[in-house]
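As a plain string of letters, each chain reads:
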Amino acid sequence: MTSYSKEVLGDLAAGKLPWPQTRRIMSAYKDDDRFFKMVAVYQDRVAWKDPILLPVSDHLFICQSGDERITRCECGHSFGDYRKNWKLNAAIHVRNTEEALREIYPNSDLPDPQWMEIREFICPQCGTLHEVEAAAPGYPIVHDFEPDLEGFYREWLGRPLQGS
Amino acid sequence: MLDKPASALRLRERLLDSERLMEETGCYDGITELTLRNQDPLKFETLHTKLRAYCVSAREMARRISASPGVREVGEMVVAIYTPEGDAIALSNGIMVHVHTMSRFIKWMIKNGYEDNPRIREGDIFANNDAFIGTVQVPDVMDVVPIFHEGTLVGWAGAVCHELEAGGITPGGDVCLAQERFTEGLFVCAEKIGENDEIRRDYVIRCERNLRMPIYWVLDEKAKVASCIDMRESVKQLISEIGLDYWMKVSKEFIEEGRRAQLARTRQLTVPGIYRGHTFYGHVTAGKPGFQLLGDPDWLYNIPIEMEITTDGKITMDCEGTQPWGYHSMNCTPAGMDGGMFVTLTQHMNFEGLVNDGAWMATELKLPHGTWTNPDNEMVATATSWALLLPAYGVFQRLLSRSFVARGFVEEAFVGQVNSPMIEMGGESQYGTPFGMAHFECAAAGSGALAIKDGLDTAYVGWNPESDMGNIEVWEQSMPMVYIGRSIVPNSGGAGKYRGGCSFVSTWLINKTSHLRLHTSEHSSRVFDNGGMCGGYPAPTCQKHRAVRNSDIHELAAKGEPLAHAPGIDPHVSDYERNIGGDHVVIEGPYITSPHKSGDIFSHSYNGGGGYGDVLERDPIKTAWDVENGFLTRQAADQVFGIVLKDDEDGYPIADIDATVERRAAMRKERLVKAVPVADWIAKERGRVEKADFAPEVKKMYASAIKLSSRFTREFSEFWNVDARSIFTPGAKP
Ligand SMILES: [Zn+2]
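First to last, the sequence lines map onto chains A and B.
Mapping to this note's numbering: the first sequence position 123 is 123, numbers consecutive.
Residues are numbered in this note's numbering as their position in the second sequence, beginning at 1, plus a constant of 1000.
Note that these hints are calculated values from the structure, not bench results.
Treat each hint with caution, since some may be false.
Have a look at the derived ranges for each label pair, beta carbon to beta carbon [claimed, not checked]:
(1) P1562/B with A40/A: 57 to 67 Å
(2) Q64/A with E1662/B: 33 to 43 Å
(3) S65/A with A1666/B: 24 to 34 Å
(4) Q64/A with E1241/B: 53 to 63 Å
(5) C1189/B with E103/A: 47 to 57 Å
Beta carbons are placed, not taken as given, at the ideal position from N, Cα and C, and that holds for glycine.
Chain A with its partners taken away, still in its complex shape (with noise of 0.2 Å):
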């Protein structure tokens, strides 16, 4: 049975494990241990005290806050119910315009704001760029992922969640 030890799976998600290693880990079989090992990876990492449920993207994770399920920053924010798409609890900068463009893009040719913005999700109590999207002028913004979240802990990690 394959199995890494935490420090192995800290430094392959911080990018940190030298690449013949990161290769082996990538072609050999997969260690069926891995998610409460990389969560306790994430949890050590995050500066905060809620068990987290998920991650759910490079800074964002679900965590068990009291009697609540949330979204939450690395740095702590809290983007509210993780049902709900945390990206409306987010900071949004949109680039429509050919100098917002230009300024990600210099050297570059630029798409046709008319036809294409992008729109930075931002946190707004720390900084962290956490999703970027594409669009079109008035496209609803995404919502990305909704985990079923119990069904993944019951049925696949034969841990059904307390009051579940």
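Given the coordinates of chain A, assemble chain B with the ligand onto it according to the supplied hints.
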């Protein structure tokens, strides 16, 4: 009629029976237990490895027969072995997207009475390139031969090559000007093209008289038939060793095992739930010569993808809400969409165990009728279906990757394949002969970033995991152009903690021809095709085409003056304009214009992949290396990544870590100053939505999506708290 059917049933009944058994038991062909695998797992695995070896070696042998640099150099070929009903048991490497499209082709023949007429007999050769029967686009020509054992049909061997010339309205294979099926080129519709292991002379004559470069197609046919016969003989030999009964059982157990493995892999690597994403595609033809005015010339495509993973491990991909088919060549058939799913799964989930059609059976595709994914008109053109298929599966890869990140398998997360334009040509060759060719160096774009490292530079495309741009010298033998540059495009990967893989740009001098038609596939520069993930930015849009007609390059070269070998990094003035005299043109794709001649210069850029993670977390030391090696510009390092570079004593860039930390802290603050709460933005933007204050193509996109999808209409209306129908389709019936 079959001389001796494999079972008491005829093939058609056998196929329907197999589908019924799958329906009733949920298992392939009703195989609820893997009896042979349980009896002797080692024998089971060894046999599958043998079959795979037959496929790999047959493909390698056949590539040496081909004359096409697409097949020889770049490997645009795949072969596979099928059950009598047409389900893939084992396959080679190569353009794996076609393993499942060939399966559709075989099933189509069986369901359409081919047993009676034209009959399926030992030594027969069948070919197809009709996407509504089972392929992706007209240049993907497939050949299959039945495998008989002592008079019984026991399977099929099949091979596909991507042809570099298909004889359509524009030269090449991805016939960009085709607006209906009738201009796409030479169609072979599930046709018997040979008997007794020999390709019919009249079929070859038809190819020779209807293609600009028949040597590619005809020799590829021979290569494919040779590989099929090679696989067939290997399978027959194997059956004589293991017995017919064992073969008939084990070949099906392989597929059921593949299906189960896919479900298990989903449960192991992902998290159940609903995942959503989208991408866009801009099609711009207004004023371009050659396009018939059959529909609106300019069209913005939205491609929303919803992926559901259920707790039983099934993955469903749903394309509802996307745009209708159109009078252009980018429509796709369900066969093409199936193929995209198959090649994605084989690369991203089935990297161990038995890879075959079983994986595809554990998934479901929802392709709304009437959209470009499933046209309700079989006259539509599909010659460049990759233009929409690739970005759609790029989104799907990002959705899958989100599930890998959630499950902790960060090393498998991948921002996705890229949509990248290609170039095709025809006219008079450097030898003074007529010619036509697709330039397949496009098979080496940049990949999306990974969640733990940068994307691959000039080394990945979705349709063929063994990506290769081919050697310059080989391409130069096949076209009247010589390379004066092939280089990395700086900043072509999307910015992020890990950047997308960079692409390359080629610059050619047109040489020894008075008539060279150059065309590029349908990509415009209007949108971002290749999105980022988890805070990473999209890769830049398609770069415009830059050409110089009547250049003075020969005079410059004679005087030893500096030339230009790439467009450079100033988007307003290219290095060609700075260094080379002549008539300069900058044209947004697709490039369709009058023929070129010797002395002209043409350049073409491919696309890079999207970035991953927050750009302000990128490693400064890696960035200095990127700047030194031309993957990033100094300007981007500074203004996009917030990395302060200084020079070492030899003039090489090194990162100033302290200054970088300070600069990035300021940039984070600056972000929050510029940003507004999403709720405020929605409240303001809602006014614009209510007035439909958008470009005509944007409004048309919404109107079309609303007409085709009640779900899109509902979600749009709910999000903005408006009545989408009354805004975008006033007067239409509900
Ligand atoms: Zn934060």
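Okay, the hints, checked on the actual structure:
1. P1562/B with A40/A: 57 to 67 Å: At roughly 58 Å between Cβ atoms, A40/A and P1562/B fall inside 57 to 67 Å, so the hint holds.
2. Q64/A with E1662/B: 33 to 43 Å: Taking Cβ atoms as reference, Q64/A and E1662/B lie about 37 Å apart, which means the hint holds.
3. S65/A with A1666/B: 24 to 34 Å: holds, 32 Å
4. Q64/A with E1241/B: 53 to 63 Å: holds, 59 Å
5. C1189/B with E103/A: 47 to 57 Å: The hinted range 47 to 57 Å holds for C1189/B and E103/A, with Cβ atoms some 52 Å apart.
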